[in-house]
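Q: Line by line, the protein sequences give chains C and H. Here the working numbering runs 1 ahead of the position in the first sequence, where the first position is 1. Here the working numbering runs 1338 ahead of the position in the second sequence, where the first position is 1.
For the record, the hints were derived by calculation from the structure and aren't laboratory data. All C-beta atoms in this analysis are idealised placements derived from N, C-alpha and C, irrespective of residue type, glycine included. One thing to keep in mind: the hints can contain errors.
[Stated by the list, open to error] Chain C is nowhere near these chain H residues, computed Cβ spacing over 12 Å in every case: (1) Gln1671; (2) Thr1729; (3) Met1741; (4) Ile1755.
[Unchecked claim] Incomplete in silico selection of chain C near chain H, CB under 8 Å: (5) Ser55; (6) Ala204; (7) Pro320; (8) Cys365; (9) Gln397; (10) Asn398; (11) Ile401; (12) Tyr441; (13) Ser469; (14) Pro472.
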Amino acid sequence: MPAPVLNAKFLRSFHVNPTPGIGATACMGWVMRLMFEFWGFCVNGSNDLVNPGSGSMATTAGTDFMSMPIGWASGSTVLLATGSDGQTTQGLPYFQAGSSTPFSSGVVGKWLTTWQSGSTSTDDSIYLITSWLNSSSIVLDPTYGGTPVSPIGTSGSLPQLTTRTNINYRVIDYQAAANLGYANGDYFVMQFSNASNVNPGQASSQARLRGTAGQSTLTNFGITLSPSGSWNGTSFTGEVYTEVLSEGNIAGPGGGGHTGDWFFDFGSSNGYVTVIAGPNFFICQIGSAEGGFQGFSEGGGSCCTIEIPQRLYPQASDPNPICCMNFGSTGVGVGSQVGYGFAHRFFPSPYDSLTRRWPIMARCPTGSYWHSTPWQSFGIQGGNIGRWEFFYNQPQNKFIAGDGILCMATLNGQASSAGQFSLARARVLSTRFTSGAYQYYLRVGDDHDKWIHVGGGVLWPWDHAVISGRPLFAGF
Amino acid sequence: MTLHTCRDFLETGVTLSNSSWVYAQYLTAIFLIGTLNYVIVGQTNFNLASATYLKASGNTASINQGGNDVYAVAVPAGTYVVSAADISRILVLKSPGNGMVNSGLFRITGINTTNNWFYINYRSGNVPPVESGVQWSVYENELVFYGNVNYTGNGSSTGYTGQGTATQSRIILQSPSSISWQVRIAFENSVDTGANGTSPSSGFSAGATMTVGYGGTVAGDFTPGGQHTHGPLFFNNRGGVAGNYSLLGTSVGFFPADNQCRHYYWGDDSTGSFFGAARPVVPTVSTFSNGSMVHFGLPEDEELPLPPHNAQRLFVMGANTLTNGGNNGIYFQGDPPAGRGGMAFGLSNQPISCIYSLYNPLFGNTFGGTSGNNPARSSLNAGDNQYTASTELLPVDLVAGTMDYMNGYGFNAEILILEGRRLGRAPFLRMGRTNYGYFQVSTDPNNSWLHLNDGIYLPWQGAILP
Chain C
2 MPAPVLNAKF LRSFHVNPTP GIGATACMGW VMRLMFEFWG FCVNGSNDLV NPGSGSMATT
62 AGTDFMSMPI GWASGSTVLL ATGSDGQTTQ GLPYFQAGSS TPFSSGVVGK WLTTWQSGST
122 STDDSIYLIT SWLNSSSIVL DPTYGGTPVS PIGTSGSLPQ LTTRTNINYR VIDYQAAANL
182 GYANGDYFVM QFSNASNVNP GQASSQARLR GTAGQSTLTN FGITLSPSGS WNGTSFTGEV
242 YTEVLSEGNI AGPGGGGHTG DWFFDFGSSN GYVTVIAGPN FFICQIGSAE GGFQGFSEGG
302 GSCCTIEIPQ RLYPQASDPN PICCMNFGST GVGVGSQVGY GFAHRFFPSP YDSLTRRWPI
362 MARCPTGSYW HSTPWQSFGI QGGNIGRWEF FYNQPQNKFI AGDGILCMAT LNGQASSAGQ
422 FSLARARVLS TRFTSGAYQY YLRVGDDHDK WIHVGGGVLW PWDHAVISGR PLFAGF
Chain H
1339 MTLHTCRDFL ETGVTLSNSS WVYAQYLTAI FLIGTLNYVI VGQTNFNLAS ATYLKASGNT
1399 ASINQGGNDV YAVAVPAGTY VVSAADISRI LVLKSPGNGM VNSGLFRITG INTTNNWFYI
1459 NYRSGNVPPV ESGVQWSVYE NELVFYGNVN YTGNGSSTGY TGQGTATQSR IILQSPSSIS
1519 WQVRIAFENS VDTGANGTSP SSGFSAGATM TVGYGGTVAG DFTPGGQHTH GPLFFNNRGG
1579 VAGNYSLLGT SVGFFPADNQ CRHYYWGDDS TGSFFGAARP VVPTVSTFSN GSMVHFGLPE
1639 DEELPLPPHN AQRLFVMGAN TLTNGGNNGI YFQGDPPAGR GGMAFGLSNQ PISCIYSLYN
1699 PLFGNTFGGT SGNNPARSSL NAGDNQYTAS TELLPVDLVA GTMDYMNGYG FNAEILILEG
1759 RRLGRAPFLR MGRTNYGYFQ VSTDPNNSWL HLNDGIYLPW QGAILP
């Protein structure tokens, strides 16, 4: 089966360095604001410099796609500058406004969103402004987005800005957004208006992302899926799918596993946020590399994935597939006996309006099921096979990486329904699977089919970029 | 591609003490030649072109003479005159338009000398479609082959002895594929297998093997170091001597138990790919454990770009030990000691492993509600799919080079190079739920699929005998 063209864009290890004492609530606000910005502008932006791109949010009028503090999206303390005359030059870190003077010296330490409407360039991202040169020119850290120069070995895989003009841009103060007064239940509703490009005839499915109460205010995170895209400005209509709250208490390879919350309410710490998204999928991962349990938790990153999977059944019987996974402070792993972690997606059923865990199946590279004897003393847990060389072809210098399909057989410990046995309802496009024994951050693939190992045998879309100075997938 | 099936050919003999593993080699070979148009490259004591076995052949038979003679096959008297001696022989047909039902092996049960007809056991509740221009050949029955076969050989004590001047029966056939790949069907030398009085575990393979590759000789051998999938022959080492079991299981074959079997074959007359299953009439070990299966040829939907050598595109799956007495059963490949395995030819230009790569949950021990490593297809609550109102079938991939040993000796037997590579999709085969009936056809109007066992489904057409 050919590899999907995901048109992924990247926000690579966004460094959150909050004022001490910001707390978990602000951390959640910060991260949700990043999600909003990246999805609404970097992935789906039009030439509107204030509002997210047309179709990217489930709006029926105005800003009824969200319930957030006043000024959260585009208030004057949050949105500091905009323009559409941005210019960058291949290999240089400078961002220049062609004909305007939007930048003050105060933008240093703030963040620049860049995009072009309809672009698939990975330059469309969010960048730390590291220096102010003049009112038209600033210096960015290109490694947050950018495009790796290829081939590898000539100038490495360091992401660089490419030569572009007429770039749309916004300067955002995320600290200011984080410090707004949040309440449990604040949300925004994203929309997948390109879903029909994956599955013919599919509606623009939607997902409400919501900060909720966990151990403390807004420490947890919830996703409510709407396959038919029924947001009416205040709720989903005609669909009642259970909110998918983050799962936890699972030890991942990183040693984490404290609670199911996305954050801990013990003050603040340096956090790192990576967003990988394309028109039909959205991945957000957060964590910290520091000790202690402060806001961003170390040793157990949190993560969500929302995507339009490839439909494998007739359209009439499965018109609008959309699925997600969501876990808090657990690190990354594919396995447990009840299907947590990366080994499943929550998937609404069109037959009984319930959202259940659907285990992900991948092709076993060593036979008809996961064997134990070929590895003897090596532990095996699904794809987490101890001997990575089973997946590597030296003559080809190529790795075996399998796609995943969602199945709903009867599974111990999980809700299921008699008569709903299903071997392969949909194909997951945003994640692949390989040996869990591979090193973290191993980059595999070529052409548009590039992936990175985030641990536990889980591969995410990537572009061969190498990041130094900031921990990638912190907490995993 | 035109698919031809042999639907349920019943061996002669007695139910509980037959020589199915010997018959299986013969029946497969005459199906490959007579139905799929394989040609003989070389042989030793396996001369299927001789008058001993091949009695006649032609291209203008007709089947279903109407009235009370729907199971009569007419052949031109100018080519061959039927006689009572033909009764119990095997009529091999290649149908020009009904390959799923009128092709295959059919027992001759009677004759009509007036019209020069064979009466055949059609082994189906259906009436044959009327058809002419059928390719036909008459072969001697399998008992004659059994009487002539040489499976004791004269091997020496070193290397792989079943080659060159060795006398055990073997044959190399060339497929009709445009890339002209070959298959070797060989009764393995008793010295190599350790059979014939020696502990089977000291041998390397099943009592008979099937090997795909290139470079077959007039003696019916591939060569040591050549392009083929036979581990002991490639390394010229039977590898079954004490202290060195590394090659055990690195050659595979068609090896049903010694019970009378019913044979079901599938073959593509353009690629030459073949799937064979032998189903015991009366299983003695358990309902599903007897019998055997073999599968070889060219994958479908091959991974691109193609490898540099055509041998690196081939695969063979089947029984790979004597250790369970031939009760290899019809299963997807299990752990290496299970008596089933697969081989391919690597980019490293050596034989490497090959497996059926099935979709399984990313974590084990969960499906089915029971202990043990139950894959999803074995879910106890599996049923028809609500979304499609049918039993769901998934294609099966062939992946080579992901096992470095093929037997129960584990790390002490690591000899195969690891170079994991998807070859392509397994021809004909689909994976589905395992709790569908044993050798039961699907319930759609055309009975389009046959479930053999263990979730293995193959194309079918029409009714099946119970």
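Q: Evaluate each hint against the coordinates.
A: Results of checking the hints against the structure:
Not every Cβ of chain C is farther than 12 Å from the Cβ of Gln1671 of chain H; the closest lies at roughly 5 Å, contradicting the non-interface assignment. The Cβ of Thr1729 of chain H sits about 9 Å from the closest Cβ of chain C, inside the 12 Å cut-off, so the non-interface label is violated. Some Cβ of chain C comes within 12 Å of the Cβ of Met1741 of chain H; the nearest lies about 6 Å off, and the non-interface call is violated. For Ile1755 of chain H, the non-interface assignment is contradicted: its Cβ lies about 8 Å from the closest Cβ of chain C, within the 12 Å cut-off.
A cut of 8 Å between beta carbons decides the hint on Ser55 of chain C: the least distance to chain H is about 33 Å, and the hint is violated. Annotation: Ala204 of chain C was flagged as interfacial toward chain H, and the flag is violated, the nearest CB pair being 18 Å apart, outside 8 Å. Interface hint at Pro320 of chain C: violated, since its Cβ lies 11 Å from the closest Cβ of chain H, which is beyond the 8 Å cut-off. For the restraint placing Cys365 of chain C at the interface with chain H, the shortest Cβ-Cβ distance is roughly 5 Å, inside the 8 Å limit, so the hint holds.
Interface hint status for Gln397 of chain C: upheld, as the beta-carbon distance to the closest one in chain H is roughly 7 Å, under 8 Å. With a cut of 8 Å, the hint placing Asn398 of chain C at the interface with chain H is violated, because the nearest CB-to-CB distance is about 10 Å. The beta carbon of Ile401 of chain C comes within 5 Å of a beta carbon in chain H, closer than 8 Å, and the hint placing it at the interface holds. Look at Tyr441 of chain C: its Cβ only gets to about 18 Å from chain H, farther than 8 Å, so that hint breaks.
Interface restraint check for Ser469 of chain C: the shortest CB-CB distance to chain H comes to about 31 Å, outside 8 Å, so the restraint is violated. With a cut of 8 Å, the hint placing Pro472 of chain C at the interface with chain H is violated, because the nearest CB-to-CB distance is about 26 Å.
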